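The residues making up each chain are set out below.
2 protein chains.
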Amino acid sequence: MRCHHICKLPGRVMGIRLLRFSSVVIFVLLLVAGALMALLPNIKDDKMPNLRREPKSQSQSALDSFTLVMQTYNRTDLLLKLLNHYQAIPHLHKVVVVWNNVGEKTPEEMWNSLGPHPVPVVFKVQTVNRMRNRLQIFPELETKAVLMMDDDTLISAYDLAFAFSVWQQFPDQIVGFVPRKHVSTSSGIYSYGSFELQTPGFGNGDQYSMVLIGAAFFHSGYLELFQKQPDAVHTLIDETQNCDDIVMNFLVAKHTGKPSGVFVKPVDIRNLEKETNSGYSGMWHRAEHLLQRSYCLNKLVNIYNSMPLKYSNIMISQFGFPNYANHKNKM
Amino acid sequence: MRCHHICKLPGRVMGIRLLRFSSVVIFVLLLVAGALMALLPNIKDDKMPNLRREPKSQSQSALDSFTLVMQTYNRTDLLLKLLNHYQAIPHLHKVVVVWNNVGEKTPEEMWNSLGPHPVPVVFKVQTVNRMRNRLQIFPELETKAVLMMDDDTLISAYDLAFAFSVWQQFPDQIVGFVPRKHVSTSSGIYSYGSFELQTPGFGNGDQYSMVLIGAAFFHSGYLELFQKQPDAVHTLIDETQNCDDIVMNFLVAKHTGKPSGVFVKPVDIRNLEKETNSGYSGMWHRAEHLLQRSYCLNKLVNIYNSMPLKYSNIMISQFGFPNYANHKNKM
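Residue numbers (our numbering), protein chains in the order written: chain C, 16 to 346; chain L, 16 to 346.
Hints are computed from structural coordinates only; laboratory data are not their basis.
Computed from a predicted structure; not experimentally measured.
One or more of the hints may lead you astray.
It does not matter which identical chain is meant; a pair holds if it fits inside one copy or across any two.
Cross-link-like lysine-lysine pairs, in silico, DSS-like; alpha carbons within 27 Å at most [stated by the list, open to error]:
| # | residue 1 | residue 2 |
| --- | --- | --- |
| 1 | Lys273 | Lys243 |
| 2 | Lys96 | Lys343 |
| 3 | Lys139 | Lys289 |
| 4 | Lys273 | Lys343 |
| 5 | Lys343 | Lys289 |
| 6 | Lys325 | Lys343 |
| 7 | Lys343 | Lys280 |
| 8 | Lys314 | Lys325 |
| 9 | Lys269 | Lys243 |
| 10 | Lys325 | Lys273 |
| 11 | Lys325 | Lys280 |
| 12 | Lys280 | Lys96 |
The following block holds chain C by itself, in its conformation from the complex (with noise of 0.2 Å):
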C-alpha cells in the first residue's frame, strides 16, 4: 500500500493504531459482556431456592418479600393491634389496609403520629363495603407474593416466616392455615365440608380442597387473574358477601390443574374478634354462611361448567421448630 510521510514513523502509527484498535475492542467486549449479563437467566425467578434468609434491611428484593393485604371493617381496634404485630414480621415489604370502612375516616393521622414504622403502610379507602375490594390489583403492591389476613386473625411471626418460605417453594399455589373441603354426592350436589362431620370418601384420614385466603400467601398474578373472571363470579360475590376465597381456589385449581393449596399447620394462631371493641364479631357467624359457601361451590360449578378443585392430604410443618425434637421418633 502506497506509504506517506508519517510511514517514515511507522512505531507512532502503529502505536496510535493499536491504541484505538485496542479501545473499540475493549469498549465491543465490555457492551457483549453487559449484554450477556443482562441476558443471563435470573435466577432468582418466581421459584425461589428454598434456603432460609437472613433478615434484611428494609429495601428488600420485591422478589424476597411480601405484601400483607388486610381488609378491615368495623374493627379497627383489631385493626391497628394487628398492625402492630404485623409491621414487623421478616420479608414485609409493604402493608396495604383495604378500608372498608366507607365514608369514616382511616386512622391514618394516627398512624402517622405513632411513626416512624418498620414498613409503608397504606390506606386504601373503598366506596362500597365489598368483600372482593381486597382482591384488586393496588398500583402499591410491588411483590410477587402477597400475604392475605383477616383482620381478626393474629398468627405468630414464626408461623408466617416459615409459611412463607414454604409459598416460595409452591409459588402458584395458596400456601395458607386454614384448609377446608367440599364434598360429593351422589346426587352430584357439592356440599361444603365440615371436616370430620364429612368424609371426601377415599383412603385413610381426610382431605382438603381449598385453602382459605384470609390467613395465606398467594402469588400477586392470582389477582389480575381474578379480575378477569366473567361478570356471573364478581356478582356472585356480591350478593353473597362471601365465596371470594372459593372463587380464588377454584381460579388457582383450574389454572395448575393441581390442588389449589398447600396446607401449613400453625403453631399459634388466634381469632380476636372476641377481643373488639366494636361488637362487630365477623361474617362467618351469619346464620346461613356455611349454607351460602355450599350454594357457591354449584353456582360456581355452574358458570365454570367444572368441578376443578382437586383433593390433598399434604400437611407441612416445619422441621424442629419449636419443639428441637419435633421430627424423632421413637426407632
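Given chain C, put chain L in place with the hints provided.
Chain L only, in chain C's frame:
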C-alpha cells in the same frame, strides 16, 4: 375416459369402487388415529396427579406402583418377617431381595413352598458382599419408583402408602422417613450432623439436608445416574462399606439443584434388629460409623469439587390421619 363393457353396469362398478375406496379410507383413518393416539402426550408421566388411588388389581401399571428393593445380610429371619409384612403393601409391584449372604442359599425354595404370594419376589444372589449392591440396575425393576428398605426396618403400610403418594408429587427427590444433615464449620470442613447435637446455624428450628435411602422412595433413574459416577465414588463406598446413601443424596441434589430429600414424618417406624436370632446388629453400630460419614462428606466434596447438598425444613404429615383432628387448632 374410455369405458369398457362394465360401463354397462355403472352402479355395480361404482359400488365396488366405492367399497374399495371406502375401505382404503377407513383403513387409512384407523392408521392415522392409531398413530395420533400413540403420539398423544401420556398424562401419566413422572409427575403423577396427586389423587389417592383406590387399590388396584395385581397387574398394576408400572407408573402407579413401586418396587421394593431390600438388601439383606445375615438377618434372614428379619428378612422373612419383613417380607410377609411388605408383600401386601398397596401399590407394591414386586420385591427385589439383594442377597448379600455370599455362598449361602437363598430362601427361595421355602418362599415358593409357602406361596402363592401377592407379588413376585426375586432373590438376586450377589458374588461379593457390597453395600452398593442394592444400587444396581436390576432388569426385574419395571417401575419408575423404588422403595428401598433396610432389612431391619419396619414401617406401617399407612406410612408407606402415604409416602408413596407424596413421592408421586415430588418424583425427582428422595421421599423418606429418616432425615439427616451435614454442618459447615468455619474451617470449611464438613461434619455429619447428629441433629440436636449440631446446628446448621441459621433461622429457627432445625434443617435436614439428606434423607437416608434405607427407608425411602426415589426414582429408579437415579440408579442409572449412580452407576455413571466416577470410580472414586464407588471405591469410597466399597472402602467404607458405608455412605451409599450420602452419595445418592449428593447425586439428587446436584441433579435437581433442590434439597435432595423430602422428609415424611413416620407414624409407626420400628427397628427390629434386636429381634434377630443371628446376633448381627447392623453396620451403624460400628465405632467408626459416624466418623466415616463425616469423612465421606468431605471426600465427596473433594471428588465433585462442590457441596451440592441443600437444607430443607419441610416436614410432611398426613392430613387427618391417624387422628382425624390432627390438623385442628384452638382458633
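So, going through the hints one by one against the coordinates:
For the homomeric pair Lys273 and Lys243, the shortest alpha-carbon distance inside one copy (20 Å) is at most 27 Å, but the shortest distance between copies (34 Å) is not. Taking the shortest alpha-carbon separations for Lys96 and Lys343, only the inter-copy value of 25 Å comes in at or below 27 Å, while the best intra-copy value is 37 Å. Taking identical chains as interchangeable, the C-alpha atoms of Lys139 and Lys289 lie at most 27 Å apart only when both belong to the same chain, with a minimum of 26 Å there against 66 Å between chains. Taking the shortest Cα distances, Lys273 and Lys343 sit within 27 Å of each other only across copies (24 Å), while inside one copy they are farther apart (31 Å).
In this assembly of identical chains, the alpha carbons of Lys343 and Lys289 lie at most 27 Å apart only when taken from different copies (20 Å versus 37 Å within one copy). Proximity of Lys325 to Lys343 under the C-alpha cut-off of 27 Å is restricted to the inter-copy arrangement: shortest distance 21 Å between copies versus 31 Å within a copy. Proximity of Lys343 to Lys280 under the C-alpha cut-off of 27 Å is found in both arrangements, the shortest distances being 18 Å within a copy and 8 Å between copies. Taking identical chains as interchangeable, the C-alpha atoms of Lys314 and Lys325 lie at most 27 Å apart only when both belong to the same chain, with a minimum of 17 Å there against 45 Å between chains.
Proximity of Lys269 to Lys243 under the C-alpha cut-off of 27 Å is restricted to the intra-copy arrangement: shortest distance 14 Å within a copy versus 40 Å between copies. When the C-alpha separation of Lys325 and Lys273 is checked against a cutoff of 27 Å, the pair qualifies both within a copy, at 6 Å, and between copies, at 26 Å. Taking the shortest alpha-carbon separations for Lys325 and Lys280, both the intra-copy value of 19 Å and the inter-copy value of 23 Å come in at or below 27 Å. For the identical chains of this complex, Lys280 and Lys96 are intra-copy neighbours only, at 23 Å inside a copy versus 36 Å across copies, given an alpha-carbon limit of 27 Å.
Going through the hint list in order, the structure satisfies each hint without exception.
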